[in-house]
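Novice: If you want the building blocks of each chain, they are given just below.
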Amino acid sequence: RKEVEQDPGPFNVPEGATVAFNCTYSNSASQSFFWYRQDCRKEPKLLMSVYSSGNEDGRFTAQLNRASQYISLLIRDSKLSDSATYLCVGTSGSARQLTFGSGTQLTVLP
Amino acid sequence: EPEVTQTPSHQVTQMGQEVILRCVPISNHLYFYWYRQILGQKVEFLVSFYNNEISEKSEIFDDQFSVERPDGSNFTLKIRSTKLEDSAMYFCASTSGQSYEQYFGPGTRLTVT
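Which chain is which? The protein sequence lines are D and F, in order.
Residue 1 is where the first sequence starts when you use this note's numbering, and the numbers rise one by one after that.
Residue 1001 is where the second sequence starts when you use this note's numbering, and the numbers rise one by one after that.
Honestly, the hints are just simulated from the structure, not real lab data.
Keep in mind that the hints are not guaranteed to be accurate.
Claimed, not checked - Subject to a maximum C-alpha distance of 20 angstroms in a straight line, what follows is the list of computed SDA-like cross-link-like pairs (lysine to any residue):
(1) Lys1042/F <-> Leu80/D
(2) Lys79/D <-> Ser1009/F
(3) Lys42/D <-> Ser1081/F
(4) Lys1078/F <-> Ser1099/F
(5) Lys1042/F <-> Ala67/D
(6) Lys42/D <-> Gln1011/F
(7) Lys79/D <-> Glu1001/F
(8) Lys79/D <-> Gln1011/F
(9) Lys1042/F <-> Gly54/D
(10) Lys1057/F <-> Thr91/D
(11) Lys79/D <-> Gln1041/F
(12) Lys1057/F <-> Gly93/D
(13) Lys79/D <-> Glu1003/F
(14) Lys1057/F <-> Tyr1031/F
(15) Lys45/D <-> His1029/F
(16) Lys42/D <-> Val1024/F
(17) Lys1057/F <-> Pro10/D
(18) Lys1042/F <-> Ser1058/F
(19) Lys42/D <-> Ile1026/F
(20) Lys42/D <-> Glu1044/F
(21) Lys1042/F <-> Pro14/D
(22) Lys1057/F <-> Ser30/D
(23) Lys42/D <-> Glu1101/F
(24) Lys45/D <-> Ser1081/F
(25) Lys45/D <-> Val1112/F
(26) Lys42/D <-> Lys1057/F
(27) Lys45/D <-> Asn1052/F
(28) Lys79/D <-> Ser1096/F
(29) Lys45/D <-> Pro1106/F
As the structure is a computational prediction, the values presented were derived from the model and not from experiment.
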């Protein structure tokens, strides 16, 4: 059974700070990984896919280490609008269904 | 930008009643999913649907649940006899299958009283 584990936080950081979230997963057969963000009582929104080579999208950098079964997300120059719950997500099964972590709550303070 | 839509946004029903939750996936997507999220808990996979049939389902998706794609656009989740513990947000998602990035609808909040 595939599980995804995250530090639930909360992380409270000042505007402009750099914050890093980590995630570990079991079951080395997991195929693809993503970071989603979820605002309170809203749907998960895809933030970015995660690749072994690392990928960057503006202020966001994601990294996958398959040997250590570890995924990270780095947010630079935090904005108030970054306040949300960040969900580490993997895929499994023939239908590539998503397995969600419990999420890490981030609050960016003015 | 195309998006997944869901109706209703909120459904209140009495225990034992049947409910149908509706979704319109992104038009050129081929894989469809239902997930649920009980308040304060993780998002959980229920079922996936491809080529007009269920491709995978979780242990949550028991005989009380069914899915259907009645026409070329709608994708529905039916709960035959709701229980109190079915109260949750139900999210529909879809993907083209090329990148496996799934896009979620805004959800239906189901409240069973």
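Novice: For every hint, state whether the structure bears it out.
Specialist: Hint-by-hint comparison with the structure:
1. Straight-line distance between C-alpha atoms of Lys1042/F and Leu80/D comes to about 24 angstroms, which puts the hinted pair past the 20 angstroms bound.
2. For a cut-off of 20 angstroms, the pair hint linking Lys79/D to Ser1009/F is broken: about 29 angstroms separates their Cα positions.
3. About 26 angstroms separates the Cα atoms of Lys42/D and Ser1081/F, which puts this hinted pair outside 20 angstroms; it is violated.
4. With a CA separation close to 28 angstroms, the supplied pair Lys1078/F and Ser1099/F exceeds the 20 angstroms bound.
5. Restraint check: the Cα-Cα separation between Lys1042/F and Ala67/D comes to about 26 angstroms, which exceeds 20 angstroms; the hinted pair is violated.
6. Restraint check: the Cα-Cα separation between Lys42/D and Gln1011/F comes to about 16 angstroms, which is no more than 20 angstroms; the hinted pair holds.
7. In summary, the hint linking Lys79/D to Glu1001/F is not supported, as the alpha carbons are separated by about 24 angstroms, beyond the 20 angstroms threshold.
8. A C-alpha spacing of about 35 angstroms is found between Lys79/D and Gln1011/F, which places the hinted pair above 20 angstroms, so the restraint is violated.
9. Proposed proximity of Lys1042/F and Gly54/D is contradicted: the alpha carbons are some 26 angstroms apart, above 20 angstroms.
10. A threshold of 20 angstroms between alpha carbons decides the hint, and for Lys1057/F with Thr91/D the separation of about 14 angstroms falls inside it, so the pair holds.
11. Only pairs whose Cα atoms come within 20 angstroms are accepted, and Lys79/D paired with Gln1041/F is rejected, the gap being roughly 26 angstroms.
12. For the proposed pair Lys1057/F and Gly93/D, the alpha carbon gap of about 10 angstroms is at most 20 angstroms, so the pair holds.
13. At most 20 angstroms may separate the alpha-carbon atoms for a hinted pair to count; Lys79/D and Glu1003/F exceed this at roughly 26 angstroms.
14. The suggested pairing of Lys1057/F with Tyr1031/F holds, with an alpha-carbon distance near 13 angstroms, which does not exceed 20 angstroms.
15. With a C-alpha separation of about 17 angstroms, the suggested pair Lys45/D and His1029/F falls inside the 20 angstroms cut-off, and the hint holds.
16. Our distance criterion of 20 angstroms between C-alpha atoms is met by Lys42/D and Val1024/F, whose separation comes to about 17 angstroms.
17. Restraint check for Lys1057/F and Pro10/D: the C-alpha separation of about 32 angstroms exceeds 20 angstroms, so the hint is violated.
18. Taking the CA atoms of Lys1042/F and Ser1058/F, the gap is about 14 angstroms. The hint holds against a cut of 20 angstroms.
19. At most 20 angstroms may separate the alpha-carbon atoms for a hinted pair to count; Lys42/D and Ile1026/F meet this at roughly 18 angstroms.
20. Taken as a hint, the Lys42/D and Glu1044/F pair is honoured in the structure, with Cα atoms around 15 angstroms apart against an allowance of 20 angstroms.
21. Distance restraint check for Lys1042/F and Pro14/D: the Cα-Cα separation of roughly 27 angstroms exceeds the 20 angstroms cut-off, and the hinted pair is therefore not satisfied.
22. Only pairs whose Cα atoms come within 20 angstroms are accepted, and Lys1057/F paired with Ser30/D is accepted, the gap being roughly 17 angstroms.
23. For a cut-off of 20 angstroms, the pair hint linking Lys42/D to Glu1101/F stands: about 18 angstroms separates their Cα positions.
24. About 31 angstroms separates the Cα atoms of Lys45/D and Ser1081/F, which puts this hinted pair outside 20 angstroms; it is violated.
25. Only pairs whose Cα atoms come within 20 angstroms are accepted, and Lys45/D paired with Val1112/F is rejected, the gap being roughly 26 angstroms.
26. For the suggested pair Lys42/D and Lys1057/F, the alpha carbons sit about 24 angstroms apart, so the restraint of at most 20 angstroms is broken.
27. A hinted pair counts as satisfied when its Cα atoms are at most 20 angstroms apart, and Lys45/D with Asn1052/F does not qualify at roughly 26 angstroms.
28. With a C-alpha separation of about 32 angstroms, the suggested pair Lys79/D and Ser1096/F falls outside the 20 angstroms cut-off, and the hint is violated.
29. For a cut-off of 20 angstroms, the pair hint linking Lys45/D to Pro1106/F stands: about 10 angstroms separates their Cα positions.
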